[in-house]
Every structure is written in C-alpha cells, then in structure tokens.
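*Asks:* Given next are the chains, with one letter for each unit.
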Amino acid sequence: MTFLAYIDPGSGLLVWQLVVAAFVGCMFYIKKTRDFLGKLGRKIFRRD
Amino acid sequence: MALAASFRDPAGFCFALDGRILRVVGSASAAELEAFLGSSAAAELTSRHQLIDTRKLDAAELIQLRGQAEFQELTAGADPAAVFEHDRVVFPSYPYEWPPEMLHAAGMLTLDLAQVSGEFGLKDATPGNVLFRGAEPVFVDVLSFERRVAGDAVWKPCAQFVRTFLLPLLAAHHWGLRLADIFTTHRDGLEPEEVYRLCGPVKKILPPLLTLVSLPVWLARNGQRPGASLYQTAPLADAEKARFILQSLFNRLRRTLVRLEPPAQKNSVWSDYMRTHSYTEGTFAKKQEFVRAALQEIQPARVLDMGANTGHFSALAAEAGAQVVAIDSDAACVGAIWRLARDRKLNILPLVVDIARPSASLGWRNRECPGFLSRATGAFDAVFMLAVLHHLLVAERVPLNEVMELAAELTTDALIIEFVAPEDEMFRRLTRGRDHLFTGLNRTVFETACHRRFEIQRSIHFADTHRWLYLLRKKERAR
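Chains X and P, in that order, give the protein sequences.
FYI, the numbering used here numbers position 16 of the first sequence as 16, with every residue one higher than the one before it.
FYI, the numbering used here numbers position 307 of the second sequence as 307, with every residue one higher than the one before it.
Heads up, some of the hints might be wrong.
[Said to hold, decoys possible] Mimicking DSS-like on lysine-lysine, the simulated pairs with C-alpha atoms at most 27 Å apart in a straight line are: (1) Lys241(P) to Lys31(X); (2) Lys39(X) to Lys241(P); (3) Lys203(P) to Lys31(X); (4) Lys241(P) to Lys43(X); (5) Lys156(P) to Lys123(P); (6) Lys204(P) to Lys156(P); (7) Lys241(P) to Lys32(X).
Derived from the structure by calculation, the hints contain no laboratory data.
Source: prediction; values computed, not measured.
Sequences and hints are given; from them, build the entire structure.
*Replies:* Right, here's the structure in full:
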C-alpha cells in the first residue's frame, strides 16, 4: 500500500486546464486550416 | 492602521493613515505598477469605475509623509520605492458577508479585468481583490496586475478562480451552502475534493460538476504526483495560438459563471415579508411617511438599515441622498436588495449580517478582516431598526438596554426604531408560548430605556395595532 504524505490539493484543476489547453491548441490549427481554405476558396471563385 | 489582507503580497502593502488609503510598493514592482496605471486599459477601467482610482504621490508629498512618525513605523523594514494613494471605499465588506449575487458580480468583474487588460493580466483571482461601492464591485488590488508573458497559454489563477468563485457559487446553488459558512473557514474557497464529497453519483458526471470537480479530482488522484515543473511557465512559440487558448479558457469560465448566476426569485422565510407583513396599506403608508419626514429632517449622509428585509426603507434613505448599508440575516432578502440597488442605481451596500451574531474579526491574528461592529461603530448618522427590536428581544433574548446601547454605539445622531408591544400578533408568535417572559415590557419601559442615551423627538402609533414608531436623537450627538 502506498501512503502519500502530501497530495497537492487542487493540482487536478491545473492538470485539467493543461489537458483542455492541448485540445484547444489542436482546434487552433483546425480553425487556421479552415480559415486558409475559406480564403483560398473565395480567391478561386472571385477569379472565375 | 496597517490594512489587513495586504501583507501576503511581497510586492507591497496597504495601510490607512489619517483617513487616506496608501499603498507602499517595493522597487521590484513599482515600475511595473506605474506602467500598468499609465496604460490605456487602466485608464478605461478606472473611468468605468471597475478599477479603484489610484495616483502616485509626488516627491513633495513623499517627503512630508516620511516626516510622520506613524508612516515611519508602518514602513519600517520595508523598501518603499513608491507610494500610491487609492480612493477610499467607505464601508469595506468581505465575501462571507455577501449574498451569492455579489460574489457572482465580483467574479464577472475579475474575468472582465483578466480578459481586457491589454498586455497585462491578473496574477491572482480571488474575491478578496474586490470591494463594493453600493451595489457596484470595484477591483482594489492594483498589484494583482502583471505583464503577460507572450506565448503563455496558461492562466495560473484559473484554479483559484474556480476555488473562490465557481465552486462556492456551485455549492450555494446545489446544496444551499451559505457563503458565510464557506468563506469564514476557507480563505481560499473550496477545493474540488471538498465539493466532490458532497456530490451524488449522477451529479458527478453532469456538467458543470464534471469539469469543475470530478475530472480535476480524478486527475489529481490517479495521475502521477505533480512535480514543481507543473507550475513553471512554458511559453508557446506561437503567441497567436497562446492567445487563442487563453481566450477560449476565459470564454469557458464566463459561460460557467453565467450558468451559475443566482436566480432572481428565491423564496426564503422572510423574502415574502413585504407582501405578508402585519400592516394594512394605510398604516404602512403612514410608516413610510414617518420615515421619509425623519430623513428630510435629519438629512443623514450614512444610514445603517438593520433587518432591512428586501430593502424598501433602505431605498427611501438612498433616494434621500444617503449612502446606505443594509443588513439582514436572510441571504435571499439581501440578494433582492442587491438587485434593487443595481437596477435602480441606488447607493445601497447590502450585506448578509445577523446583528445578533455579527461577523467577527477573522484571519491571521484575527486582524486580517475586522469584524462588522468594529467597522460599523460610529460610522452612521442614522440607524433604522424597523420591525427588528422584537426579534432581538424574543428570538435572541437580548435585553432591551443592551439593544439600545448597541444602537447608540452605531449611530452618531438618529435612531428610527419601531416598538412592538407583547400584545402584537407577531410578537406572540415569536414567543412560542413564553409570553410570561415579557409581561413587564410596555411602552413606558421602552421609553425609559430610550432615555438612557437618546432623546425622543416624536413618535407615532399605528391605529388598530400594538406598534409605535419613534424618532430618537442621541443625547451626546455632535452638534
């Protein structure tokens, strides 16, 4: 059995913030790609 | 007097000197604070009354201050690179005296400031940084602002924001926990672990408890023990990405806070009093007229309304131009007063304070947060005790002379007090069959008790009731 003399209370909130930040970071690239494709599409259609 | 709660920040501390609120800042932080105060964001926040007005003392003022023995004593051992003066908030209050509505408003203000302060961000996020001017929150801890590290995608005070705003509001909403019970014993709010123990199996997996409570608890419990590296800043190379992540975090916190906004219509034992009280329409109008005339005569600058219920008479005093502190033990009533004051822009500070058990001095050496009575003594030139005396006499068993003594300590001039005789229906309901304890109480006894510290200016009897309303002036008042 492991006894932990001290577990940092509330550290889970920071860990959770980091987990969500990593997920939102991925969303950032998805958004950027979507914005880029949208821009490209508008450019192509305008030329036509 | 060194101000409480200001010793935790090594960057500087606050104290009151000759009625002024001064902040001494060390050399390491003075330049940063000056840069923040000089920024357009700070100017805008100050003009919107969201940030306390602050100015740096010039060299001449500093020389004059340094000559004062009290200043030397207060700053002994400190490194005062600069001294700033804040606007004074007339009546400081603490989160354990607020209804959930006020904690919610303080949370919104904190998020606004964290989000819109330009290149500066907040290094802590606690209701201790907020005071109320009337019903409006104002951010007072200017040292909480720090320059943001470009690329830092983590808002470290997020956990503190959750502990001190979201979880107490959640606990008040789901389990009816009173903020007084939370903040008098937990300076830094509630840990997710404490709230987790209150949750049933279904609540644990439903939002917002899932993300605010359960997941953080499971992550802390099942993950590796976090090392110190967890708390070290690790900026991202892409500053735009960091801004996107931070913005998304603030938006999520704001959505959760909006969701936890206390409902407008809350029922409690006393919230319906204005509809169900013992007065007829006519007698209530007379009572109102008496109070209005008294206000016109006294012209008080500061009023304490004890047992304010939903704030009807507090509003009369505020409309007459007074700054009002309205206290009641019922948080639902105090929440209603806060809404009334906010919506009608009245200068009323509503606080959840039971005058029979007023908030005590709290914190380190009992000096961090002074008790309610030490802040209220002599701080008002008029005190209202409308339909409250019989509650103190009967429910709290406080002797009449004691009540009058307290009133004389709180007011510097006037007291508007309602006497309810033992024959009154409400009085008899409160005694619960112990009528014999009050057989000796009558108007003569009441007036004799008044005469110890007050002069009776006038009184009115409400026909067909056992109630009288008195306007008293203090004998030793400053003329």
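*Asks:* All hints, please: hold or fail.
*Replies:* Cross-check of the supplied hints:
no., hint, in the structure
1, Lys241(P) to Lys31(X), "11 Å, holds"
2, Lys39(X) to Lys241(P), "19 Å, holds"
3, Lys203(P) to Lys31(X), "33 Å, violated"
4, Lys241(P) to Lys43(X), "25 Å, holds"
5, Lys156(P) to Lys123(P), "7 Å, holds"
6, Lys204(P) to Lys156(P), "25 Å, holds"
7, Lys241(P) to Lys32(X), "10 Å, holds"
Checked against the numbered hints given earlier, the structure breaks only hint 3 and satisfies all the rest.
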